[in-house]
Every structure is written in C-alpha cells, then in structure tokens.
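Student: Chain residues, written in single-letter form:
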Amino acid sequence: MSDFESLRQKARSKYEELRTGQKPVIYLGAASCGKAAGIASIGGKIKEILGELGIESKLVEVGCVGMCCYEPMIYIQKDGKAPICYGNLTTKVVPELIKDFLVDGDPRTDLALGAFDGPQTEGVPRLFDHPMLKPQVRVVLRNCGVIDPTDIDHYLANDGYVALQKVLAMTPEEVIEEVKSAGMRGRGGAGFSTGMKWEFCAKASGSPKYMICNADEGDPGAFMNRSLLEGDPHAVLEGLVIAAYAIGASKGYVYARAEYPLAIKHLNIALGQMREINLIGENILGSDFSLEVIVKEGAGAFVCGEETALMASIMGERGMPRPRPPFPATHGLWGKPTTINNVETLGTVATIIREGKDWFSHFGTEKSKGTKTFSLVGKVQRTGLIEVTLGTTLQEIIYEIGGGILDGKKAKAIQTGGPSGGCIPASQFDLNVDYESLTQAGTIMGSGGLIVMDEETCIVDIAHYFLTFTKEESCGKCTPCRIGTHRMLDILHKIKTGKAEMKDLEKLHEIAWTVKNGSLCGLGQTVPNPIYTTMKYFEDEYHEHVEDRKCRALVCKDLIRYHIDAERCIGCGICAGKCPVDAISGEKKQTHVIEESLCIKCGICFHSCPPKARAVEKIDAEVGQDG
Amino acid sequence: MSSKVREIVESHGSNPSNLIPILQDVQTNDGYLSENALAEIAGLMDVSESTIYGVATFYTQFKFVKPGEHEIRICQGTACHVRGAESLLDFFKTNLGIQPGETTKDGRFSLERVACLGCCALAPVMVIDGEVYGHLTTAKAEKILTEYKEGKR
Amino acid sequence: MKIDGKDVEFKEGQTVLEVATDAGIYIPTLCVHKDLPNFGACRLCLVKIEGMRGFPPACTTPAKDDMVVTTEDDELRSIRRNVVELLLSEHPNACIVCDDKKLCEQYRACPMKAGQITGCQLCPNKEICDLREVVEYLGIDKVDFEFEYRDVEVERCDPFFDRDYNLCILCGRCVRVCKDIRGMGVIAFTKRGHETRINTSFGKTHLEIGCRFCGACVDVCPTGALSARGTKWHGKLDSEVQTVCGLCNINCGIVAGVKWGKLVETTPDHDSYTNGQLCVLGRFCISGMVNHPLRIRYPQVRKDDWLIPVDWEEALGAVVEGLKKYEPREMAFIISQDVSNEAAFMMLQLAAKVGVEKIALAPSSGDQKAYDGGNAFGVSGLCQAAGYTPDELMTPEDVARMAGRGKIKAVYTTQDVVNIDDAEFLVIQDVYNSHSLKSAAAVLPVQSFMESEASVTSFDGVTREMKHASEPYARSRPDWEITRDILKAFEGQDYASLGDVRAAADAELAKVAKPDAQGTTSELNWFPKHIRELGDPPSKYRGMDLTVLIDDLRVLKEGRK
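Residue numbers (the numbering used here), protein chains in the order written: chain V, 663 to 1289; chain C, 10 to 162; chain Z, 15 to 575.
Simulated from the structure, these hints should not be mistaken for laboratory data. Hints may be right or wrong, so weigh each one.
[Stated by the list, open to error] Calculated from the model, a selection of chain V residues having no Cβ within reach of chain Z, i.e. all distances over 12 Å:
| # | residue |
| --- | --- |
| 1 | R670 |
| 2 | F1091 |
| 3 | D1152 |
[Claimed, not checked] Using 20 Å as the maximum straight-line C-alpha spacing, the simulated EDC-like pairs for lysine to aspartate or glutamate come out as follows:
| # | chain 1 | residue 1 | chain 2 | residue 2 |
| --- | --- | --- | --- | --- |
| 4 | V | K1219 | C | D99 |
| 5 | C | K72 | V | D1220 |
| 6 | C | K161 | C | E78 |
Don't be surprised by glycine CBs; every beta carbon is placed ideally from N, CA and C.
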C-alpha cells in the first residue's frame, strides 16, 4: 500500500470515529453567513453550558449546508447516530436544547429541522427530505456543511483526491477528453466548454503555463463560490490541480475576493495541508507533475472577474481588460498560456473524473449537463444556497425550494446573472434554468445569483440599481462603457424622479445598444442586459413612471409620500422622536402629522411605527394631494 | 522613512506583481495609504509613484485618508438592495452627517458602501469593525449605532 | 486577406488597422498612435470580421490569412457616431459642431469664438485636433445630449505646459508615452469608471513628482488637454522646417514652427532618427532662446571704454587690425563645442593661417557627458583632424590663466568664458550678451542654430544638417561667414559658399575615427527610449546659462532642489 493510501485509511478511520463515536459532537454552522447570524455567541453559550453541565463534547466548525434562512444553525450528534440539525437558534433556546438532548436524551423534535444520513433518531425527519433540500441534487456541495473544511482528513475520508490519483495515471489528453465529453461547461457565466478551454491552452506553445481559479465572485447577490470555498476548499483545489495537470501548468493561482476573508483563510489552510502530503509541490504523489499554488487577494473591483482584468490584477496592475484576441489561452499571465476557470467549474471537475463522464452527463439537459449551484435570495421565504440539476424550472426553485414569496406577496420577477443578467417576469417562471433558455429570455446563467422580487420591488429602481453598480465598477477604459453607463444612469434617474419624457426611453435604448456592441469587455457588453430585459418585460412600469409619474411599487422616493392615518395613529410619538428632520409634529396621545415640505422620505417613521398601529403609510405622491 | 514599509516591501519582494499585496499590508498596518507611504513604496520597488497611485485608486479596498475609529460598511448587494439597503444607508448618512467615503469630524465613524458581502440570505447587512450585522431595519441599526456611540461595543 | 472587398497583402504581426492604413483605407481612431503600444480603448476602429463575434477593434486584432473585414456599414457607423457623441457630451464641443468653424480655421488653429460655457474658447489645441477630424469624417453636426462640463480646474502650476482635463478624452496616449516610451510614469490613470482621470500621485505637481518635462505627453495628446504654454496661442503656423537641435550632441530631429518669420515653437520630428522624442530644452526652450532679448543685436567695437554698435565692415576691420598687432604665440582661439562643423573648420583654418597654436575647446571636455555640447563630436573631430591631440588642446580656463599672467594677449572666442577680462584684445563672437562682453574689444553677433544652415556631427558619428528656419535676429550673421571674412582679410583661402566649407570640413572629418572608439554606440540602443537614463540635458549654450534665458527652466531647476 502506498503512503498515500495509508494516509487515506487513517483519515477514514479518524472520520469514522468522529461520526460513530460515543462522545457527543456538536457541529456549528460557521460559514460567513452563520457568523453574521451570530454563531459565535451561540458557540460561546454552548461551551458555557457544556462546562456547567460537565458534559464532554466535541465542537466542530463546519461550512454552510445552504439553509441560510435557518441560521444560526447547529447539528448535534449523540450515541453514534446521524447528527440532527437545529436552526434559528438563539442564546436563550440553546441551553435548553443542550440540556434536554444531551442530559435528558430528548432530541427536541419540535426544534429539529432533520437528521443527516446515517442511523436515524425516531421522530426526527430526514434532513434531506426537508422541502428546501428534497428537490436538490448535491454534487458540488456534497461536503458543504458536512465536513470540517479545515481538516484535510475529512475530505480524504469522503473520497477526496481519488480523482487526482486517477488523473495522474492518465495522459493530459485523456483528462481533457473526459471533461469534454462529459459536456462540462464553465460555471462562471458564459458557459464555454471547459474541456475545450483546456485543450486550447494545452496545445498553445510557451512555458511556463498558468492555471488560475477565478474566485472573484463579484455579482451582488451571489455567494455560491464563497460557500464552496469556505465549506469545502479541497474540492476546488483538487479540481485546480487536475486542470493544471491537463493543461501542463506549473503554477496555479486562486484569485479570491478580499471581501471573503474566511474563504481565503480556509484556502490557505488547505494549501498548507496539501503541501504537507505532497498534493502540491514537486513530483505530486510520485508523478512527474509539479505544481505550486498561491492565493492572490483581490482588492475590490468587480471587473477583475473578467479574465484579462484578473490577470492584470495578478500582475499588480490596474484591473483594466484588454481586447481579445490574443486570448489568455495563448497570451495570458506575463504573455504565457493561461487558463482561468471559475470556482464551481473546478469544484465539479473532480467529481466528473471520479464518477465518470456518463454519470455526470445523465444530469441536466441535452446541452446543459450536470448540476448548478445558485444563491436564492431576495423576497423569498427560504433563502440560501442550493444546487439543482440544470433544466430545473424557476417555478420549482422559487416555490418548492424557496417556499414561495415572502409575507404572502405576489412575485414580480426573478433576476439572474447579476449585473450582466436580466429580469425574468413571474409569467415566465416555467422557464427551464439552462444556458440556452436563459440566453433566449435575454438574460444569462451567470455565476448563479437568483434574486426574487415581489410586487414591492420597483423594476425601474432595479435597473437603476444595477446601472449604479456597473457605473461604479466600470474600469473606465473604453468610451462606451465609461460614458454610456453614466448617461444611461442619468436617464434612469430622470425616470425614477418623474422627470423623464418618452423620448428619453428611446435614447436609453440607443445608448444601451451602443454600449452592448461597442464596449471592450464582457462587463461593458452586458451592462445593458438589465435594462433590455426590464424594458422588454415591464414596459408598462416604465411608461407609468414616465407618463403618469407613478411608481406602483412605491419605491421611487420622488413619486411617493408618507402619510399618517389619523384613525390608526395612537400618538405614541415614536415616529416624531426618530424623524431626523423634525418633520413630524403632534401632542402625546394625539394624532401626529407629517409636514410634507420638510419630509426627506427616509422612511424611518414607516419602519418605527409600532406594529399594532401601522399608522404610517407609503402612498402615491399624487394621491390625496390638494390641487 | 518608516522601517515598517521597508519591512513589508522586503517580505514580499520588489517584483511589481507584489504591488497589491504590499499595498494591502501597508494599509493593514497604517489604516490607510498615505502620501509618504506611497512615495516610499515607489522608491523601494522602482515603480513610479503615480503608477502606484493609479493602481491603488482603481481598487475600492484602498483608502487615502485616515479612517474613523469605527468603520461602518453598508452592503449594497442586490439582495440587500431589494430589502432596503438604500434607506439603511440614508439613515447612516443623516445620522452621522457624512457621505459614504467620509469620516465624521470627531474621527469616530467612517461610512462606506461596499459591494456584496455575500451574506445575501441575511439581507440587508452591514459590517462594523469586521462584525457582521444581518436582517437589519433602520430601527435595529439605530440601536446598534447608539451602542457604538455610547462605547458599549 | 480581404478588406472591404479589396484583396490586400499583409506582413505577419500587423494589425487589421495597420493593414487597412497601408492599403489606403481610413478607419477612424483616437487612442491609436503609431509610436505607442495599442490600447483598444476608444472603440472607434471597430470593424466586422467574418467568423468573429461582435465588433472587434481593428487596432488590436492581428491580421490573419483569409480574413474578411468590413470597415464601414450602417451598424459600424452608428456605433462610431454614438461613441463620438458620448465623448462630445463631456468634451466641450462648440468648436466642433459650430457652423462657422470653417471660417475660423483659416485664421486660427482652433476656432475661438464660442462661449466659455462650452469650453471651446479655452481650447488651446494644436492645429491638429484628432477629435475634430473624426467628427468631420462621421459628419456629426449636433450632439444629442445635455452637455456635462467636468469643471475641473486647469492645472497651471507647473512650468512649460498646462493641463486642462476638461478636454481630456482618456485615450491614454500620454500615460503610455510617459511610461512605455520615456520610462517615467509621471502620470497614470487614476480612480476608475466615470471618475477615471489622468493624474499624478495624490495630484502632486509634475515638478514634485519628478517630471522631466520632455513634452512627449503634449505631443501625443489628440485634443487640447495638454498644451505647451509658451506657444499655445500663436495660431496657424506659416511654415514648418525639419531640422536638428543644436543644444546637445544627440541632435534630435525637430520641426521648427515659424510664423511671421519668427520661430514660435519646436516640436519633435517623427521622421528623424530620434523617433519623435525630445527633451525639455528641445521641446520647450528653443523658441524662447532664439527670440530672447539678451541676444546680441549689432556688431560692436570698443571706443573710449564704450561698446559702440557699428556696421559689419567696421567691426571686422577692427578685429583684423587688432589681431594683427600680436604675435601668433600671444594669441589663443576658443572654439565653442556648440558651433557647427563649418564654424569650427573656419576657426581652425584661420588659426593655421595666422599661425595660432593655442586652441581651446569650450567647455572643457572633462566634466561633460558624451552628448554634451551641441557639436562636441564634430568640433573635437575637426581639431583632431587638424593635428591637435586631445592633450594639445587647451581649456578656456588655461587661456584665462595665461591671459592673467600676460602670456596670452589676444583671444578670439566663440562663447562666453569666465575670467577672460585680462586679455588685452578680446573678440567675442557669440549669440548672447554675456559676462565677457564687458572686457571685449569687439563683439560679433552670431545667428543661432535655427537661423543659419550648417552641419553638426552627432555622437553617433553621423553628420546632420541644420536648416535655416527663422529669420536672423537683428544684424547677426552665421559663424562660418564671419570667420571666413576675417580669414579673407588675412589673405587666406576664400570659401565662396557654405557648400565649399562643408565639403572641406566633411573631408577633414572623414579622417577621424567613428565614435565606436569613444564608446558611445551602446548608448544608441536605448536612446531615445528612457529619458530617465538620459540624465539631465546640458545647462548651457555657448557658455550662457540657459536658466537665465528661460524662466521656466529656472523654476524646473529650483523645483528639483
């Protein structure tokens, strides 16, 4: 048995022992989202309680299982049974739960979301039968939230680096062929065949070659890559090493967003562990193949997700894209052949190799194979990170996995593909999510952000939002994107403030066309997508803003006003106290009134009015106005 | 000449591709990038000062004025936006009397907009001194801010 | 490959734009400049190429076999029009779309009648406004946007040139030339998106940041954003003359711009061996030097302690008469290394005729760089050809010292020399009123290198011609002609024309080894690339401190400290 096999054996027994040992284990969902939800104080409380109760228990920090709406979340494993997952915990509930379960043996089925796979506990449903998880197929995310991402043994115990071992026995051509025929397409946005991309670079002359993992997940509203890197960094790094082997690279980079400190930390830990057991470095696992990998932190520029800008940034320059050709495959980093793959693409590669191309390609549609992760957010009941087979309908995603719209409101649209994507109206929710269907609908797959919008979302405001984003993130190099986005935003601002005329809409369309066709890089060329789709599907709303000076979602500040319903006002004075401009007057216990000329429409009164009264209303600016 | 800057440059090496990590470390050390620090880096790396400034100003991470004691960063991601990040930002702007990118006169708070923090499921989100706060409303934000003002956090 | 249905040949490595230009097909661009690396930013040169997605830019797309390119159709025209309109929505545009622009153009490089609010009044552009050319080509006569003036302050805090970034279109030519060609990186793109500006670190002045003021950025600017202050309002030039600079021995190619007979500006000559690059002196100082009031206007002769303007005949008569009073061994000639081959040759001829053996070269060669002295190689080569070994040549300091001890009594010099007052009979043949004048017996005003034809031999050993560009200043005459007349009076050989002198001088120089021996050819490999490695340009011309003549140069020198 080789050294590596014995390492794996050891890892397996260590993992087995953790999973089936008699000592209780408490897993903490400690990804960034869990941390934001307050897992640290929950964890602190747990330690305190365990100390008080004198219980010896192991605490393991795991990544995110994807059920973000249930954060903070812990799983408790007792008596070698499958861990049971508890969500929406508070420091108040936790002591009770620990005591009841670990001391009194009551698994508190009332609080449990479900149990992981393994020996089940009576009365607790299986976690993967949960409506949010049941329709999902977890290929990329199989380890996320399950294993300790900072312990390579956990990954090894779960078939980690089996694919790499397999690859090292294959020729690079065979590896490329396998990925190509599996039908794997880039998960970063454009959906180009991954195998073909590798092939171009493998065939390019020049040395050294570079392999880059693009972890600059910049789309607002998307966090798939963050979760994967935080929860299972080895999966991505294994893919990176495989890809480097296929193209003949000797140096690898992971270009990660600086906004993701935990992901960067986990990546660096993982790389250290890999180096120790020769999964990177010289003569990997005794083969002729050597590879060094380092993590490069971005510094806050969305455009650096664009390949040529990303490379400029790695080289220490301004992240300004350059025209292609020449392509990175032949002229990349320092002019050498370079391949850049997205995190999820690399996260999928190992599985394709391990399970085989046929296994992989039976998921998905004819042209879009496999599964895809999405971050499902916005006005939806259950927000989180999900993974479904390509070809799943939006309907299923929003209503089955997401549990429908928040607060029983009506759905308006879903935004896909980030700032480069577009909005699909609720009437088209039967659309299959695959590369071709989304493109046909005028948007793109993008990296996988799905933002659900309800009737309280103003479509013009959304277009304005995305344009604000891209205007700020435009690198400023080429004329159409630099000035065009600014001009489009101008017009959208006019629309939002009720100052636009119909001819402005035409102008908007014309500039959008110029920016789309004239811009240098992918960012500029897709800037108009949110405008195109919203104008196409929600023409009425645009017209309403322009012609009637009306925002039906009551979002555009200049088109609404706040008003206190005299009958409902209880005169508590909270709103008057909070108003930053002293626009609200009224005696205690008397009806309060907003002085419109002073009001800056900040909405604080609206949010601070006690739920029992709900006297502050947001209404159309023209309703009820004298004259 | 600060020996710290020299130390940082030497630890990375003066290859131009290390410029961004060097700037990041200098900022971590000083809180921002000062004119002097940039000039020093330029001298040590043999890259022109303006070129470095050009690189630094391209990335939103870098600051050129001393930040406040507490750094408030409001997420402007899509999910946060549809869940009211703009009024959250407005609240801070009026309450602190500063615009994003500025620091209050007493040097206690600085306000920033940030691109998506990736905590979309908890939208709207803000970060104060590295601590993430989710599911915010203006009322909740006010409570948190008051605690910072009173030195309770 | 095919462009617009026309079969065209191309060389490996050419871009589509280069191929099209060679084939006489115009594709508009703003950010392309032939000396600079391609950038692909302005998006005007977009074309259609069969088999390629979208609209690739001609300037960065490499030409390939069997490529089929369309450079013009309705779609391309709309993209270009819209892109230019977007530019014009921020670039003051009245002068571009004004009805009367044709009339204005006859008189001024830039039409000036539009109101300030449109900024056109403030446009100091050179005669060539690339933006205007593109507008004309596209036939844009109105801009469909509300104009948005950036309203940034014009930067006038540095010597030599002003920067009005209200006019900047961010083509990046200045940044590229400064960094990639001159190796400086004084300016850079800063910030990003719509906020992108060309700037220095923290907006420091160019002086503070160490700019060499070579002016390369000004020369590549396609609009009026960067403009040479001294020459911005002179309007349309009457004539332009290709010549070479005589301030150092690199002898960069320059184009002399002349208006009303006066030299008003010097710009780099792109067809010269220095590839269109100059230093601060060549770019910004020559016209100020040539027209400087310190120029000597008339021949003068000392009478009763006063220098009195006289005509040339009288002055030369006094010189010849004076020199004849001394023994050859009591005489010394000082030859400036800034004079032409013809002038130096004539001095040496005169020395030989009169029997003068004490020849000094000024400045002394010890402290100078290979390219200091406008004609150092030519002058020293001629001395060598005339039989003087470097050891036999004196320095001006030697001459002054010997004059002090009474060993030398008569001095004929072609530049200002320090402490020469002790010479009994001093003849100054110079361009500027200098210190030496106060003890001169005769003063002979000379034409500058912009005013007379002559030749110089540069540090690479190649002899280059200086042209007559502007009219001679007052009564000044060329060096060689003055010395020839003196030589004639000494009954030496009569050279009828400049051509005769040049032929004789060239024959002399042919005897001297090429500069390989001097070890300067290696420097040719880097010149004129990186101005950083070039060191400071010379500070004197014919002994005259240039900072006295050019105020901005003084500011630059002092600012450095």
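Student: Please go over all the hints and tell whether each is borne out by the structure.
Tutor: Now for the hints, and whether the structure bears them out:
no.: 1; hint: R670; in the structure: holds (46 Å)
no.: 2; hint: F1091; in the structure: holds (30 Å)
no.: 3; hint: D1152; in the structure: violated (8 Å)
no.: 4; hint: V:K1219 x C:D99; in the structure: holds (12 Å)
no.: 5; hint: C:K72 x V:D1220; in the structure: violated (33 Å)
no.: 6; hint: C:K161 x C:E78; in the structure: holds (14 Å)
Hint compliance for this structure: hints 3, 5 are broken, all remaining hints hold.
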